[in-house]
Amino acid sequence: MEIEERDKYTGHMTTGHDWNGIKELNTGVPNAVWIFLFISFVFSVICWILWPAWPLGDTYTKGLLQTDQLKRVDQVVERAIDERVVWTNRITGLDYGEIQSDPGLMQIVRENGGRLFLDNCAACHGEKGEGGPGFPALKDGAWLWGGTPEAISDTIRFGINSEHENSRTSEMLAFGRDQMLARGEIIKLTDYVQSLSHASPDQEARKDDIASGKALFLENCSACHGENAKGNIEMGAPDLTDSHWIYGGTRETIFKSIWNGRKGHMPSWQGRISEVDQKILTLYLLDISVEER
Amino acid sequence: MFNFHYRLERYSIRFAIMVVIVASIGGFVEIAPLFTIDETVEPAPDMRVYTPLELAGRNIYIREGCYACHSQMIRSLRDEVERYGPYSLAAESQYDHPMLWGSKRTGPDLARIGGKYSDYWHVVHMNNPRDVVPESVMPSYRWLGRNELDGKDFALHLRAQQKVGVPYTDEMVENAINDLLGQAKPDSDVMEGVLDRYGEATNLRDFDGDPTRVTELDALIAYLQILGRLTDVAHQNPVMKKLGGQE
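Sequence lines, in order, name chains A and B. By our numbering, the letter at position 11 of the first sequence is numbered 101, and the numbering carries on one by one without gaps. By our numbering, the letter at position 167 of the second sequence is numbered 1186, and the numbering carries on one by one without gaps.
So here's chain B without its partners, still in its complex pose:
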């Protein structure tokens, strides 16, 4: 056996190829079964998709690098579930492309931030986090409230999501730009149909306190307010219900 290895190491190209083959066996055994094992993603029949505005917010979240300091993944540990809520399940991020679980927490976990604070709080916090949390080290994101949301290619975004398996209907793709603006413009003619397409529970309101424009801040807050609320599946666990007083 040692002679075999001795010979193997003599020719660098052959050795490099063997290294790649052996390393890929590890990947094959660890990753490939996740596509076949039926416990990987829990069934979540009530799961809804991100609206175009929320998806735009998600893109801004990625653009600004929020994931570098905030995770979106509550681990199955007592201190985490007591602080943040029920631990994250795979089903909850099944429409996340790419997923934003993260592991670095300079700021708190955001997996269940949706609905925890008011829109106004988010507006103040994005403009200057120290106005509401004096010891915060988070940078200010003032420009989000000034930048008008650029959504002209949003139908293509939805089409791309559709290609990787998110169940957007063709009707949703066709109305992408309309719905993108409509969700943050209540009582306008563009809001027609948003609820029909994305469900009654969709947050339909002006998020950033400026009803005249749809800004990047509207999109980001719409996204933050939906985190952890796309499906109820994580809250079905009886112990988690007891912890949150849902019994």
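For reference, chain A alone in the conformation it holds in the complex:
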């Protein structure tokens, strides 16, 4: 092992290992590697001086640049908010009608509202506001709590049956489960409710059931849904005569709604979305629901 031997062809030393006459060269590390190694050492020393690096007990070296990534993101976000002020101020300052008649501002509303909608609302209400079973459609113009900008904005801000103190509250009672009505009565009621929006093929045969269903409706349901079943936006009671359904308009789902009751929940967005963004979303919703009609 300790034999010093120089290979006569390359001029390098050998390691002294010998496998049946084949000897291993002990070639030195190439200069390029030494150079890069040296540069990276120098680079790291510079980094130690400029940026936070070494721990010192309960603190650490902060570096000459005083970099703090948490402060940096605050600055970047604040700068972005300030850059938007040009148009956010106009949206905050103008009322809904004025913004809707300004094509430039509505362009901003569509761009930003679409993004906000996808991030926050689309998971339940669908990417185009088409809704789904249990989640109301937003583009059909059938507003549960009223379609004025103020009403929509309040729904976004406070939510429905949410944890917010000003939350809208609404609950359909469980007429079957809580034994307020018998099964037979609920079936008749279902017949009546279904006949309000579309006639079933056996409408004539069920005439008597529908008639007694109507009597039950006036007794039990009209306080919220109204005598003509047109709903009540004060209580978020849906119109039962149109073709828009939240949970579905089949006999089965109507029966289920009456039997188990319904209590939809929309979270409050106050504190999660800024007020100007809430206003943009309101305008965006009005925009897409108008397009649909």
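Take these hints with a grain of salt, some might be off.
Unchecked claim - Some, not all, of what chain A presents toward chain B, calculated at C-beta under 7 Å:
#1 L140
#2 A143
#3 P145
#4 T151
#5 V166
#6 E168
#7 D209
#8 G219
#9 G221
#10 R362
Unchecked claim - One side only, chain A facing chain B, incomplete, derived with CB under 7 Å:
#11 Q156
#12 D158
#13 L160
#14 D164
#15 A213
#16 C214
#17 G224
#18 A227
#19 G231
#20 G351
#21 H355
#22 E365
Rather than coming from a laboratory, the hints here were simulated on the basis of the structure. Glycine included, C-beta positions come from ideal geometry on N, C-alpha and C.
Chain B: place on chain A using the hints.
Below, chain B without anything else, positioned relative to chain A:
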């Protein structure tokens, strides 16, 4: 110096030991100071602990491997805070054993998912994510709503958390099973005391739409609904307040 290294490399055991020593210096300098530097974990006086039901949900989250596709860590970058909310702080996961920050995002970050969607949405989404998000690639977790939650050893879970420094009181440990079921069974005799022990802000309701049973889905939704809401400390930053409109 090169001769020294030349000699060092000749004996494999000695060389392996030296490698371990040198590598551990790196670990010592990078990890150990985090226990002594006083800025590592921000003070969060309003921080509350997970209730037994939420902790059970967390265990299911780990069991089903949710962390493989979802992170729970909002980075301090503008696009992340604008989409998800205030960036995560160490204090928020101080009672997480193990932490579930993650870095792989096949699905969205979940650090601030708590309260963003309704319980019903979570129920539908767990049964079949495509029912609410058509382009989702997340698998269905239908069995969670069918499986009754197994909580018989839950006092031991709390005891273990207590051992690693989570401030569960002995009273909480004693009532673990009671509280586990009570949180998802409103208006029952087991709900007594849950609010006393875990605070008024605790979500006390049936989560999975089936008030007759406490299922694994109850636990998972209870956990998801509390993510990002154990403490308010991340929302105290004035710029983040401005971004979320809390001013």
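Taking the hints in turn, this is what the structure says about them:
1. L140: violated (18 Å)
2. A143: violated (10 Å)
3. P145: This hint holds: A:P145 lies near chain B, its Cβ roughly 3 Å from the closest one there, short of 7 Å.
4. T151: Violated - the Cβ of A:T151 stays beyond 7 Å from chain B, reaching only about 11 Å at its closest.
5. V166: This hint holds: A:V166 lies near chain B, its Cβ roughly 5 Å from the closest one there, short of 7 Å.
6. E168: Holds - the Cβ of A:E168 comes within 7 Å of chain B, reaching about 5 Å at its closest.
7. D209: This interface hint holds because 6 Å falls under the 7 Å limit.
8. G219: violated (13 Å)
9. G221: violated (10 Å)
10. R362: holds (6 Å)
11. Q156: violated (14 Å)
12. D158: A:D158 check fails; min Cβ-Cβ to chain B is 10 Å, beyond 7 Å.
13. L160: holds (5 Å)
14. D164: holds (4 Å)
15. A213: This interface hint holds because 6 Å falls under the 7 Å limit.
16. C214: holds (5 Å)
17. G224: Since the shortest Cβ distance to chain B is 6 Å, the answer is holds.
18. A227: This hint is violated: A:A227 lies away from chain B, its Cβ roughly 13 Å from the closest one there, beyond 7 Å.
19. G231: Interface hint status for A:G231: violated (22 Å vs cutoff 7 Å).
20. G351: Violated. Min distance 12 Å.
21. H355: holds (4 Å)
22. E365: holds (5 Å)
The structure shown violates the earlier hints numbered 1, 2, 4, 8, 9, 11, 12, 18, 19 and 20.
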